[in-house]
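Undergrad: From first to last, the protein sequence lines stand for chains G and H. For the first sequence, our numbering begins at -2 and goes up steadily by one. For the second sequence, our numbering begins at 978 and goes up steadily by one.
Keep in mind that the hints were calculated from the coordinates and are not lab data. For each residue, glycine too, the CB sits at the ideal point set by N, CA and C. Do not rely on the hints blindly, as some may be mistaken.
Within a straight-line C-alpha distance of at most 25 Å, the following computed PhoX-like cross-link-like pairs (lysine-lysine) qualify [unchecked claim]:
(1) Lys61/G with Lys145/G
(2) Lys1027/H with Lys126/G
(3) Lys1055/H with Lys1027/H
(4) Lys68/G with Lys1014/H
(5) Lys157/G with Lys1055/H
(6) Lys1049/H with Lys145/G
(7) Lys19/G with Lys114/G
(8) Lys145/G with Lys157/G
(9) Lys145/G with Lys1055/H
(10) Lys126/G with Lys1052/H
(11) Lys1080/H with Lys37/G
Across the chosen pairs, the derived CB separations fall in these ranges [what the hints assert, rightly or not]:
(12) Pro156/G with Lys1052/H: 12 to 22 Å
(13) Pro156/G with Val1016/H: 46 to 56 Å
(14) Val1029/H with Ile155/G: 33 to 43 Å
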Amino acid sequence: MKFLKPLLMAMLAAACLGAQAKYSGEDRGKPVMPSQVNTKWATECASCHMAFPPGLLPAASWKKLMAGLDKHFGSDASLPAADTQEITDYLVKYGSNRWTASTAPMRITESAWFKSKHDSGEINPAVWKRESVKSASNCQACHSGADKGDFNERNIRIPK
Amino acid sequence: MTHFKSIAACLAMLGCGAMALPASANTILEAYKAESKTVFSAVAGEKLYKTVGPNQLSCASCHTDSPKNVGKHAKTNKPIEPMAPSANPKRFTDTAQVEKWFKRNCNDALGRACTTQEKGDFVTYMLSVK
Chain G
-2 MKFLKPLLMA
8 MLAAACLGAQ
18 AKYSGEDRGK
28 PVMPSQVNTK
38 WATECASCHM
48 AFPPGLLPAA
58 SWKKLMAGLD
68 KHFGSDASLP
78 AADTQEITDY
88 LVKYGSNRWT
98 ASTAPMRITE
108 SAWFKSKHDS
118 GEINPAVWKR
128 ESVKSASNCQ
138 ACHSGADKGD
148 FNERNIRIPK
Chain H
978 MTHFKSIAAC
988 LAMLGCGAMA
998 LPASANTILE
1008 AYKAESKTVF
1018 SAVAGEKLYK
1028 TVGPNQLSCA
1038 SCHTDSPKNV
1048 GKHAKTNKPI
1058 EPMAPSANPK
1068 RFTDTAQVEK
1078 WFKRNCNDAL
1088 GRACTTQEKG
1098 DFVTYMLSVK
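Please model the entire structure based on the sequences and the hints provided.
TA: Right, here's the structure in full:
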């Protein structure tokens, strides 16, 4: 009986660690898209690419990304200060609620959950290079509902 | 009295001249004109449109050879609505939009900001594309 308590504690700790260790703590949020979307976020982000749902990255990533819009993956995507602030606030508020790691990648494709879900055993690396896909950041090539936060496996269609 | 009449007529003409800008007048272009106090050239604007900058990009890289066409984002493949107002009347009607994109795209395509002269030439070219 004396040993039972520490043993239980150890098991509980292990279970907690196990839960935390999912994708090394780099997990997307649930839901990935809030029910109320910000209009400015939708318009501005989607003027060059699909507006990525806030839950795909943690708040810290969005803060970094929004602070460097003038050098946004090789393009100047700068916005007036008020718009930058409004969009940052929205992304930070609805950033991933399941991200426990202290990491803050700039690219969604660099997160552990993304890599795990799209590993080469399941998706041939050549698929990403198809003209119809072009880049791993082009979610909608295979997830047609991605812009609405729908990444359901049943709705995936990989284009030729 | 005749003096009076002719002065009144002059004033009326001036008034009309100031108010009745040609129907095609573009307020964004007028603002650039007021700022630069120079003459703009569609030919110079077209040249700017086709200039390839230090990043091997030009306006035409995404907006195609003709600004009347639907373009395609060089990196993301996203379709881009035509830029010429003759094909897309929404273009060059919102100063904030125009300034936002000049800032971004002059930086990306030319590696620097555009001058008011260049913006004026560019808009003049866009308005001339029929």
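Undergrad: For the pair we were handed, Lys145/G and Lys1055/H, check the Cα-Cα distance against 25 Å.
TA: Distance ~17 Å between Lys145/G and Lys1055/H Cα, so the pair holds.
Undergrad: For the pair supplied as a hint, Lys1049/H and Lys145/G, is the alpha-carbon distance within the 25 Å limit?
TA: Within the cut-off at roughly 22 Å; holds.
Undergrad: Checking one constraint from the list: CA of Lys126/G to CA of Lys1052/H, max 25 Å. Satisfied?
TA: holds, 13 Å
Undergrad: Can you let me know if the beta-carbon spacing of Val1029/H and Ile155/G is within 33 to 43 Å?
TA: At 35 Å between Cβs, range holds.
Undergrad: Using the C-beta atoms of Pro156/G and Lys1052/H, is the stated range 12 to 22 Å upheld?
TA: For Pro156/G and Lys1052/H the Cβ distance comes to about 18 Å; the hint holds.
Undergrad: Is it true that the CA of Lys19/G sits at most 25 Å from the CA of Lys114/G?
TA: holds, 12 Å
Undergrad: Quickly compare the C-alpha distance for Lys68/G and Lys1014/H to 25 Å and report which way the hint goes.
TA: With a Cα-Cα distance of about 33 Å, the restraint between Lys68/G and Lys1014/H is violated, given a limit of 25 Å.
Undergrad: Would you mind confirming whether the straight-line C-alpha gap from Lys157/G to Lys1055/H stays at or under 25 Å?
TA: holds, 18 Å
Undergrad: Given a hinted range of 46 to 56 Å, is it respected by the beta-carbon distance of Pro156/G and Val1016/H?
TA: Check passed, 50 Å falls within 46 to 56 Å.
Undergrad: Mind checking the alpha carbons of Lys1027/H and Lys126/G for me, to see if they're no more than 25 Å apart?
TA: violated, 29 Å
Undergrad: Would the pair Lys1055/H and Lys1027/H pass a check requiring their Cα atoms to be no farther apart than 25 Å?
TA: holds, 21 Å
Undergrad: Take the C-alpha atoms of Lys145/G and Lys157/G, compute the straight-line distance between them, and say whether it is at most 25 Å.
TA: The hint holds at about 23 Å.
Hints 2 and 4, counting from the list given before, are not met by this structure.
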